[in-house]
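> These protein sequences, in sequence, are chains G and D. Using my numbering, read the first sequence as starting at 1 and increasing by one per residue. Using my numbering, read the second sequence as starting at 1 and increasing by one per residue.
For the record, the hints were derived by calculation from the structure and aren't laboratory data. Ideal placement from N, C-alpha and C gives every residue a C-beta, glycine not left out. Some clues are possibly wrong.
[Said to hold, decoys possible] Rough simulated footprint, nothing fancy, chain D against chain G, three-plus residues with beta-carbon under 8 Å: (1) 5–14; (2) 18–32; (3) 35–41; (4) 44–56; (5) 72–86.
[Stated by the list, open to error] Straight-line C-alpha distance at most 30 Å; calculated BS3-like pairs for lysine-lysine: (6) 36/D to 19/G; (7) 131/D to 19/G; (8) 131/D to 159/D; (9) 159/D to 301/D.
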Amino acid sequence: MNGFRYLSGVASLRLDAEKCTGCQVCLAVCPHAVFGMAEDRRARIIDLDACMECGACANNCAFDAISLTPGVGCAEAIIYGWMHHTEPTCGCSGDDGSPASACCGGLPTGATEDPVSCGEPQAPA
Amino acid sequence: MNMPDVPQVSSELAWRDRLARWTLRCGIRRNRALVKSGLYRVGEPAPESPVIVTANYRMTFDLVRRDLAGIDAWLLVLDTRGVNVWCAAGKGTFGDREVMLRAAVTGLERHVSHRVLVLPQLSATGVSAAKVRATSGWRVVFGPVRSGDIAAFLAANMKATPQMRAITFTLAERIVLVPVELVGAFAGWRALIPFGLLALGALVSLGDSGATIAQPLVAYLAGVAGGAALVPTLLPWLPGHALSLKGAEAGAVLGLFAGLALGAPPLSIGAGTLLSGAVASYLGVNFTGATPYTSPSGVEKELRVALPLMGAAIVLAGVLWVVQAFLG
Ligand code: SF4
Ligand code: SF4
Numbered sequence: 001m002n003g004f005r006y007l008s009g010v011a012s013l014r015l016d017a018e019k020c021t022g023c024q025v026c027l028a029v030c031p032h033a034v035f036g037m038a039e040d041r042r043a044r045i046i047d048l049d050a051c052m053e054c055g056a057c058a059n060n061c062a063f064d065a066i067s068l069t070p071g072v073g074c075a076e077a078i079i080y081g082w083m084h085h086t087e088p089t090c091g092c093s094g095d096d097g098s099p100a101s102a103c104c105g106g107l108p109t110g111a112t113e114d115p116v117s118c119g120e121p122q123a124p125a
Numbered sequence: 001m002n003m004p005d006v007p008q009v010s011s012e013l014a015w016r017d018r019l020a021r022w023t024l025r026c027g028i029r030r031n032r033a034l035v036k037s038g039l040y041r042v043g044e045p046a047p048e049s050p051v052i053v054t055a056n057y058r059m060t061f062d063l064v065r066r067d068l069a070g071i072d073a074w075l076l077v078l079d080t081r082g083v084n085v086w087c088a089a090g091k092g093t094f095g096d097r098e099v100m101l102r103a104a105v106t107g108l109e110r111h112v113s114h115r116v117l118v119l120p121q122l123s124a125t126g127v128s129a130a131k132v133r134a135t136s137g138w139r140v141v142f143g144p145v146r147s148g149d150i151a152a153f154l155a156a157n158m159k160a161t162p163q164m165r166a167i168t169f170t171l172a173e174r175i176v177l178v179p180v181e182l183v184g185a186f187a188g189w190r191a192l193i194p195f196g197l198l199a200l201g202a203l204v205s206l207g208d209s210g211a212t213i214a215q216p217l218v219a220y221l222a223g224v225a226g227g228a229a230l231v232p233t234l235l236p237w238l239p240g241h242a243l244s245l246k247g248a249e250a251g252a253v254l255g256l257f258a259g260l261a262l263g264a265p266p267l268s269i270g271a272g273t274l275l276s277g278a279v280a281s282y283l284g285v286n287f288t289g290a291t292p293y294t295s296p297s298g299v300e301k302e303l304r305v306a307l308p309l310m311g312a313a314i315v316l317a318g319v320l321w322v323v324q325a326f327l328g
């Protein structure tokens, strides 16, 4: 994403080119242009460090070529997970006692949209 | 076609809608954040008109209907319990099941002559197009990330440009988060911190006057300003990749200036800088919850390094203030 780079070499994303059929669905769903097509007409990871591990690609690859550990890249959710020995939990819904402040823009019922915070389909501000 | 049973929505946003948008943004009246799920008409849709799918979060719904102005379309509003697309997809409420269920209970197939559903791209974490198609026959097409691009996407025969596919995090998108972050910094038990710091200031300044009593509190507020306001605003320009680092930089600079401006003694200035840096570092890394590019692996990695450092900085700040008090 222009102007934004996060830590390098950490994303858990893997692509098994053997299984890839070149359908390009992963290219369509990835919001960070992580994939590209190689000469052999299969997908390749071209920008691993841009991956935010949202899991959209793996969820939509019908050929199980993509694997990763998806999750929310939110500190509060991760700290909550450490303290309660559970999975990182984002307070998007707020109805499960999970943290609600920073995650998803800070509004427990998901009452933020802000685009950003929660990647809302949003009009250009 | 029995059109009258499908309610019509307007593409015009009334002032009430705009007001709702701003109050929602500030966390007020969240219980009004729900729109009834179901099928709606935008304009005068015909059987071949496109079906746009969205969440029943009020702000999302309002944006989508506004951006559909001039287009005849069916709007299928899912029951995501008032949660926006991205969060609902992550939680699974904007998922395969809800898409198929809502299409079925609204009798969508009786209204349209095709089997194509246009979903927001960011719902792809919750919706598998292949599974929906195999189970229900509906063909999911992932539209653009932003509703503002829907018109162009439809006009281009449902082809998205790379820009439509990419998440943005513009200055305007970041600045609207500043109030949310500021409110969060004083939410719950955190509201008590300023009083504790005033007490600390009173203790370490023993009889000393005005400015030094307030210095720990001012340092804390500088940290909040750094982490909750400067980090979102200056995000791309603060050096480094880790948000905890960006926060520490913003906070330390503000804390240092605050100490100098108050004319505090040297060790106290150091203490204030450390406290401010630690607070801003924490708020900075917390901002990962609002950024659309930070991976959980990365956040975990930076937390493991940053949290102990923040703790050490706060302890050291306390020690410096006490030592300075003894030095007089
Ligand atoms: S979605 Fe899967 S099969 Fe299709 S191009 Fe991507 S990796 Fe290959
Ligand atoms: S997990 Fe998300 S960001 Fe990473 S490659 Fe897949 S779709 Fe792109």
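> With the threshold set at 30 Å, check whether the alpha-carbon distance from residue 131/D to residue 19/G stays at or below it.
18 Å, holds
> Would you check chain D against the segment 5–14 of chain G, counting CB to CB pairs closer than 8 Å, and say if three or more residues qualify?
Per the Cβ count (7), the hint holds.
> Going straight from one Cα to the other, do residue 131/D and residue 159/D come out at no more than 30 Å?
Distance ~22 Å between residue 131/D and residue 159/D Cα, so the pair holds.
> Are the Cα positions of residue 36/D and residue 19/G separated by 30 Å at most?
42 Å, violated
> Is the straight-line distance between the alpha-carbon of residue 159/D and that of residue 301/D 30 Å or less?
This hinted pair is violated, its Cα atoms lying about 38 Å apart.
> With a Cβ-Cβ cutoff of 8 Å, does the segment 72–86 of chain G contain at least three residues near chain D?
With 8 residues in contact (Cβ-Cβ under 8 Å with chain D), the coverage given for the segment 72–86 of chain G holds.
> Using a Cβ cutoff of 8 Å, are there at least 3 residues of the segment 18–32 of chain G near chain D, or does the coverage claim fail?
It holds: at least three residues are needed, and the segment 18–32 of chain G offers 6 whose Cβ sits within less than 8 Å of chain D.
> Apply the coverage criterion to the segment 44–56 of chain G and chain D: a residue qualifies when its Cβ sits closer than 8 Å to a Cβ of the chain, and three qualifying residues are needed.
With 7 residues closer than 8 Å to chain D, the segment 44–56 of chain G meets the three-residue bar; holds.
> At a Cβ distance under 8 Å, does chain D reach at least three residues of the segment 35–41 of chain G?
Violated - the segment 35–41 of chain G has 0 residues with a Cβ nearer than 8 Å to chain D, which falls short of three.
Violated hints, in rising order: 3, 6, 9; the structure is consistent with all others.
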